[in-house]
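J.: Residue strings, one per chain:
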Amino acid sequence: MGLTPAGDPRLVQIDPGSQDGWVTTRLDFLVNWARAGSLWPMPFGTACCAIEFMATAASRFDLSRFGMERLSYSPRQADVLLCAGRVPLKLAPVLRRIYQQMPQPKWVISMGACASTGGMFDNYAVVQGIDTIIPVDVYVPGCPPRPEALMHGIIMLQKKVMRERLRDSSRHVEIDPDPTSQLYISPSRIDELSEPFGNSVHQTRSTP
Amino acid sequence: MAAVASDSNGAPITPSNVPHSGAAANPTAAVLAARFGDAVIRSEVIWGETTVFVTREALHAVIRFLHDDPGERYDYLVDVTAVEYRDGARPIEVVWHLRALGHRRFLRLKVELPKRGPLWVPSVIDIYSGADWLERECFDMFGIRFEGHPDLRRLLLWEQYKEGYPLRKDFPLRGRFSRSEQLKQALAADPEARYSMEELSIADAFHSLPQDMRARLAERSAHDEREEGE
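Chains A and B supply the protein sequences, listed in that same order. Numbering (the numbering used here) for the first sequence: 293 to 500. Numbering (the numbering used here) for the second sequence: 25 to 254.
Any given hint could turn out to be false.
[Unchecked claim] Under 7 Å between C-beta atoms, here's a sample of chain A residues computed to sit facing chain B:
#1 Leu-381
#2 Lys-382
#3 Pro-395
#4 Thr-409
#5 Thr-424
#6 Pro-427
#7 Tyr-431
[As the list claims (entries may be wrong)] Sample of chain B residues facing chain A (criterion: CB under 8 Å; computed from the structure):
#8 Pro-43
#9 Trp-182
#10 Arg-203
#11 Leu-207
#12 Leu-211
If you're looking for bench data, these hints aren't it; they were derived computationally from the structure. This structure is a prediction, so every number in the text was calculated from the model and none was measured. Just so you know, even glycine gets a beta-carbon here, dropped at the ideal spot from N, CA and C.
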């Protein structure tokens, strides 16, 4: 039965010989099982990773084994935003808008080095990791990742979905930064704190 | 016709036997020098390609002549771009690549702009409509103003981009602002406020099409109606 190996104690079938064929289970498990088994991806492909994603979706690797064959080109009918490829800063508001348009519950897979970290494009035009714009659940490394790696990431996401609790509502609530909170650090303060390090996250301003 | 480079047997000269310098110049260079005099600064031939340096004041008239003159007929504007050299004393060069498909000629025009002076050149959009995005990209990347362009906005970067012109040599690779500031500004750009999400159909654009294209489309639709009638 899908994700459930035979004899899974979480899915108990009473009286297998009965014609009624009814089961008992925990609601958490059932909902998560249904969600994990039909994650509809919204492919946001901008570069070569999207080619590997196409290979993953095609017959040899067959994405439909994970219940993902229904690629959703509208964010309003998608569960997983699959960002494959580098994201230029000009696309940052578009990517965020797409994420905001997806209904809850939603997850994000960041596929490849560029989407996860900016990759080799450490320059003025490229977002240094989409987790600076939207929350990411699974990072798939590789340049580009092979379909096996993407499938590994998908299976990881399914495991993550299976672990969610319905009563824990924090996962599916979007929280904006609260400037009145004591934990809030303003962007300019973050700049200040990272000043001495001069890493790829922050660099000293060049002289005009 | 001397325009096609060919050897004594009439075979076209392939890149393997084109000398680095000293190959025959495009005959257009001599025509330009005779017609425009001092406005043509110099010309050179590198790898069989002729480059003509002209003043920026004369550029528009030169391109107009190259486009309209029956002997030249440069009907295809391949590219508009610019070059900045690491040597700070060398001027910035704006480059036009022109091709005469009928005469099989290729000509490169350059205008030198001193770095200290104002960076502007005349727009050739009234001669080649295709210059629109080429000039916008050149403005976006180098900050060169194309005077006369009706809609000189950034093309590749978003329009509110404040950090300067990325292909200039004084531009740091990672940009001038911190990453957080760059991201903040990028996210603040509202694409929907500036770009229409509606598709522009050929019918909407009909009145801005060139005359010959409008005539062809009208003829085509009349032809289709006749076929339906039969």
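J.: A separate judgement is required for each hint: does it hold in the structure or not?
T.: So, going through the hints one by one against the coordinates:
1. Given the 7 Å rule on beta carbons, the hint for Leu-381 of chain A holds: about 4 Å separates it from the nearest Cβ of chain B.
2. Nearest Cβ of chain B to the Cβ of Lys-382 of chain A: about 5 Å, under the 7 Å cut. The hint holds.
3. Interface hint status for Pro-395 of chain A: violated, as the beta-carbon distance to the closest one in chain B is roughly 20 Å, over 7 Å.
4. Hint on Thr-409 of chain A is violated. Least Cβ distance to chain B is approximately 12 Å, over the 7 Å limit.
5. Because the closest C-beta pair between Thr-424 of chain A and chain B is about 6 Å apart, less than 7 Å, the hint holds.
6. A cut of 7 Å between beta carbons decides the hint on Pro-427 of chain A: the least distance to chain B is about 15 Å, and the hint is violated.
7. Taken as an interface hint, Tyr-431 of chain A does not check out: its beta carbon lies about 19 Å from the nearest beta carbon of chain B, beyond 7 Å.
8. Restraint check, Pro-43 of chain B versus chain A: the minimum CB separation of about 38 Å is more than 8 Å; hint violated.
9. Interface hint status for Trp-182 of chain B: upheld, as the beta-carbon distance to the closest one in chain A is roughly 5 Å, under 8 Å.
10. The interface hint given for Arg-203 of chain B holds, since its Cβ lies 5 Å from the closest Cβ of chain A, which is under the 8 Å cut-off.
11. Evaluation of the Leu-207 of chain B hint against chain A yields a held restraint, the C-beta minimum of about 6 Å falling below 8 Å.
12. Because the beta carbon of Leu-211 of chain B sits about 5 Å from the nearest beta carbon in chain A, less than 8 Å, this interface hint is met.
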